[in-house]
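Just need the whole structure built from these sequences, with the hints factored in.
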Amino acid sequence: GAGVSQSPRYKVAKRGQDVALRCDPISGHVSLFWYQQALGQGPEFLTYFQNEAQLDKSGLPSDRFFAERPEGSVSTLKIQRTQQEDSAVYLCASSLRRTDRLAEYFGPGTRLTVT
Amino acid sequence: QQQVKQSPQSLIVQKGGIPIINCAYENTAFDYFPWYQQFPGKGPALLIAIRPDVSEKKEGRFTISFNKSAKQFSLHIMDSQPGDSATYFCAASMEYGNKLVFGAGTILRVKS
Chain A
1 GAGVSQSPRY KVAKRGQDVA LRCDPISGHV SLFWYQQALG QGPEFLTYFQ NEAQLDKSGL
61 PSDRFFAERP EGSVSTLKIQ RTQQEDSAVY LCASSLRRTD RLAEYFGPGT RLTVT
Chain B
116 QQQVKQSPQS LIVQKGGIPI INCAYENTAF DYFPWYQQFP GKGPALLIAI RPDVSEKKEG
176 RFTISFNKSA KQFSLHIMDS QPGDSATYFC AASMEYGNKL VFGAGTILRV KS
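As you go down the protein sequences, you meet chains A and B in turn.
In this text, residue positions in the first sequence follow this note's numbering: the first is 1, and each later residue adds one.
In this text, residue positions in the second sequence follow this note's numbering: the first is 116, and each later residue adds one.
None of these hints come from the bench; they were simulated from the model.
Any given hint could turn out to be false.
[Unchecked claim] Anything over 10 Å on all C-beta distances counts as not near chain A; from chain B, calculated:
| # | residue |
| --- | --- |
| 1 | Pro134 |
| 2 | Asn182 |
| 3 | Val225 |
[What the hints assert, rightly or not] Distance condition first, Cα-Cα at most 25 Å in a straight line; then the derived BS3-like pairs of lysine-lysine:
| # | chain 1 | residue 1 | chain 2 | residue 2 |
| --- | --- | --- | --- | --- |
| 4 | B | Lys130 | B | Lys183 |
| 5 | B | Lys226 | B | Lys157 |
| 6 | B | Lys130 | B | Lys172 |
| 7 | A | Lys11 | B | Lys172 |
| 8 | B | Lys183 | B | Lys172 |
| 9 | B | Lys226 | A | Lys78 |
What you are looking at is a predicted structure, and each value in this text was computed from that prediction instead of being measured.
Glycine included, every Cβ here is placed at the ideal spot set by N, Cα and C.
In structure tokens:
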């Protein structure tokens, strides 16, 4: 594809439901990042993959958050037992090279609303 | 802990004006300072970035000024246009780090 794509673009969940957010990075990109952007704030780092290896998950706010990238391409961010404070835009980003350790191309995000 | 402080929160300029957005950081281990532009409904897009070994960098109409001793950096947009209306974020990262620390953002409106 032309860029990083994310689905769904919008998700409404009732408190306590589990959700799964998908990221399709740019083809061939080695590095993949997830960020959380609360309304009116800058993005905050969640986790980083290099191919299928999750090298940094220090930003995941609780053990309800889980991310995977089993084949080194598509990634899924799963949130269990959603809470209202999880409402935010979840951004995925990718970079081409192993040495590009910072997010370069961001997707449009998934806006999660927990009611 | 807010490690990168950005100001102003919002900014309105006339077409052709030069908006200036400022950021200050605390962590002296930061050594990479990018700026991102974000339009509504889109993800942030990298505009320009600087490392602390230079005091200024220009790319087209965008200029970063960097003051290492003051731990501050700023974005200047020359000859601003209505199409520049967006939210701008500064960010910082440590050497060999993989996470960007973002400022809270500045909403810029350029009036035609």
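Results for each hint:
1. Pro134: 18 Å, holds
2. Asn182: Given a closest Cβ separation of 21 Å, the condition holds.
3. Val225: 20 Å, holds
4. B:Lys130 x B:Lys183: Between Lys130 (chain B) and Lys183 (chain B) the Cα gap is close to 31 Å, so the pair fails against 25 Å, i.e. violated.
5. B:Lys226 x B:Lys157: The hint holds at about 21 Å.
6. B:Lys130 x B:Lys172: OK: Lys130 (chain B) and Lys172 (chain B) at ~23 Å, within 25 Å.
7. A:Lys11 x B:Lys172: 40 Å, violated
8. B:Lys183 x B:Lys172: 14 Å, holds
9. B:Lys226 x A:Lys78: Violated: Lys226 (chain B) and Lys78 (chain A) sit about 42 Å apart, past 25 Å.
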